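**Student:** Assemble the complex: chain A is given as a structure, and chain B must be docked to it using the hints.
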Amino acid sequence: MAAGLGYKEFSTGDVLTAADANGYLASQVVMVFADAAARTSAITSPQEGMISYLKDTNATQYYSGSAWVSVGGSSPLTTKGDLYTYSTADARLGVGTNGQVLTADSAQATGLKWASASAGALTLISSTSFSGSSAHNVNDVFSTTYQNYLIQLNHDAPSATGYQQLRLRVSGADDTTSNYFWSGIYNVSNATTPTGEGGSAQTSFTYGYIESAGTASCTFQIANPFETKVTTYSNLMGRTTGSQSLIYSNGGAFNTTTSFTGFTLYPASGTITGKVRVYGYNNA
Amino acid sequence: MATTTPEIWISNEEGKRKLEGAELEAFLADREATRFQIAEREAQAQAKADAKAALLERLGITADEAALLLG
Numbered sequence: 001m002a003a004g005l006g007y008k009e010f011s012t013g014d015v016l017t018a019a020d021a022n023g024y025l026a027s028q029v030v031m032v033f034a035d036a037a038a039r040t041s042a043i044t045s046p047q048e049g050m051i052s053y054l055k056d057t058n059a060t061q062y063y064s065g066s067a068w069v070s071v072g073g074s075s076p077l078t079t080k081g082d083l084y085t086y087s088t089a090d091a092r093l094g095v096g097t098n099g100q101v102l103t104a105d106s107a108q109a110t111g112l113k114w115a116s117a118s119a120g121a122l123t124l125i126s127s128t129s130f131s132g133s134s135a136h137n138v139n140d141v142f143s144t145t146y147q148n149y150l151i152q153l154n155h156d157a158p159s160a161t162g163y164q165q166l167r168l169r170v171s172g173a174d175d176t177t178s179n180y181f182w183s184g185i186y187n188v189s190n191a192t193t194p195t196g197e198g199g200s201a202q203t204s205f206t207y208g209y210i211e212s213a214g215t216a217s218c219t220f221q222i223a224n225p226f227e228t229k230v231t232t233y234s235n236l237m238g239r240t241t242g243s244q245s246l247i248y249s250n251g252g253a254f255n256t257t258t259s260f261t262g263f264t265l266y267p268a269s270g271t272i273t274g275k276v277r278v279y280g281y282n283n284a
Numbered sequence: 285m286a287t288t289t290p291e292i293w294i295s296n297e298e299g300k301r302k303l304e305g306a307e308l309e310a311f312l313a314d315r316e317a318t319r320f321q322i323a324e325r326e327a328q329a330q331a332k333a334d335a336k337a338a339l340l341e342r343l344g345i346t347a348d349e350a351a352l353l354l355g
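Chains A and B, in that order, give the protein sequences.
Residues 1 to 284 (this note's numbering) make up the first sequence, in order.
Residues 285 to 355 (this note's numbering) make up the second sequence, in order.
Hints listed in this document are in silico derivations from the structure and should not be mistaken for laboratory results.
There's no promise every hint is true.
With a straight-line Cα cutoff of 30 Å, these simulated BS3-like cross-link-like pairs (lysine-lysine) come out [stated by the list, open to error]: (1) A:275 with B:302; (2) A:80 with A:55; (3) A:275 with B:336; (4) A:113 with A:80; (5) A:229 with A:275; (6) A:8 with A:55.
Okay, the calculated beta carbon distance ranges per label pair [as the list claims (entries may be wrong)]: (7) A:87 with B:298: 47 to 55 Å; (8) A:172 with B:348: 45 to 53 Å; (9) A:87 with B:297: 47 to 55 Å; (10) A:116 with B:355: 54 to 62 Å; (11) A:212 with B:327: 17 to 25 Å; (12) B:302 with A:105: 50 to 58 Å; (13) B:291 with A:277: 25 to 33 Å; (14) A:212 with B:326: 12 to 20 Å; (15) B:337 with A:194: 28 to 36 Å.
Given the structure is predicted, the values throughout are model-derived calculations rather than measurements.
For every residue, glycine included, the Cβ atom is placed at its ideal position computed from N, Cα and C.
Isolated chain A, as found in the complex (with noise of 0.2 Å):
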């Protein structure tokens, strides 16, 4: 296609030649230029509406009446994971760092920002596994982060029948002095009064009684393990033998303001199989 000639104005009675066709007709409908500087010069006084085609960057432009102007606009993007944004112009938002969520700040340019995501009420603190396990420590997961914690604890069916147990720790040890104070009920399949049991100046808490053919799930509430206060906890565990079905309910404390950093469980009797989870409450 032949360069463009510009804008042409014909009067009555001229002439118009191939090369008026061709050059000023043709080219007027979307007029094409090598670039900017050719469509300056043959173009000295553009129209408002006007569309040009420029070669050397393959844009399709209109004349605003002041400016030549993309059709549709450029794209800002760059870089992977930009997001196509608005402030008084297109604009580009890069993305944020692994995890972070968009969020609306009237503050930002293009009223949008990457942050981290706000905590939930809970947070995962530790998750682990044990199998065929005497005892199981949990280390490191009580600290100044967290006042409360809810610890989770999924019983697979231990070797042997028994009471489960629960001792405090710290610095990698277990606190085995009898300053265990419990009490709790249980409940057996569908009897109508519940049984009481307890244990004062113990050195463990009792969380529950599984049976080998049984599994179970128990949920534990703690306060304060890791503050010099007394440590109290409460525990919910419903266990299934086969035949019957059987609620704990017990809660306790640690009579003494020492501070612990973790936790064991163990059987009376024989070994245990499960996961543990802890969490902490956040303490706003």
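**Tutor:** Okay, now just chain B, sitting in the frame of chain A:
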């Protein structure tokens, strides 16, 4: 009859390890103490239940009737 020392495996976030020597002896002694505490607790609970049953028998009333009296 020869006795066999049980294998004791302790687990944590890094895996399992077998207890031996003094550590094993300490664990077994501790577990025996736990069992003793449980047995003692159960014996106390049983003694309390037996005493209650004996008293109800002497009084000639049932547990539900006793509860009514105390209520």
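**Student:** So, for every hint listed, does it hold in this structure?
**Tutor:** Tested hints:
1. A hinted pair counts as satisfied when its Cα atoms are at most 30 Å apart, and residue 275 (chain A) with residue 302 (chain B) qualifies at roughly 20 Å.
2. Restraint check: the Cα-Cα separation between residue 80 (chain A) and residue 55 (chain A) comes to about 28 Å, which is no more than 30 Å; the hinted pair holds.
3. Note on residue 275 (chain A) and residue 336 (chain B): the hinted pairing is violated, with a Cα-Cα distance of about 41 Å set against a maximum of 30 Å.
4. Between residue 113 (chain A) and residue 80 (chain A) the alpha-carbon distance is near 16 Å, which keeps this suggested pair within the 30 Å criterion.
5. Our distance criterion of 30 Å between C-alpha atoms is met by residue 229 (chain A) and residue 275 (chain A), whose separation comes to about 28 Å.
6. Restraint check: the Cα-Cα separation between residue 8 (chain A) and residue 55 (chain A) comes to about 22 Å, which is no more than 30 Å; the hinted pair holds.
7. Taken as a hint, the range 47 to 55 Å holds for the pair residue 87 (chain A) and residue 298 (chain B), whose Cβ atoms sit roughly 51 Å apart.
8. The beta-carbon spacing between residue 172 (chain A) and residue 348 (chain B), approximately 52 Å, falls within the hinted interval of 45 to 53 Å.
9. Checked against the given bound of 47 to 55 Å, the beta carbons of residue 87 (chain A) and residue 297 (chain B), roughly 48 Å apart, stay inside it.
10. Roughly 58 Å separates the CB atoms of residue 116 (chain A) and residue 355 (chain B), a value that falls within the hinted 54 to 62 Å.
11. Against the hinted window of 17 to 25 Å, the Cβ-Cβ separation of residue 212 (chain A) and residue 327 (chain B) comes to about 23 Å, which satisfies the hint.
12. A C-beta distance of roughly 56 Å is found between residue 302 (chain B) and residue 105 (chain A), which places it inside the suggested range of 50 to 58 Å.
13. A hinted range of 25 to 33 Å holds for the C-beta pair residue 291 (chain B) and residue 277 (chain A), which are about 27 Å apart.
14. In this structure the supplied range 12 to 20 Å holds for residue 212 (chain A) paired with residue 326 (chain B), their Cβ-Cβ distance being about 19 Å.
15. Between residue 337 (chain B) and residue 194 (chain A) the beta carbon distance is about 18 Å. The supplied range of 28 to 36 Å is therefore violated.
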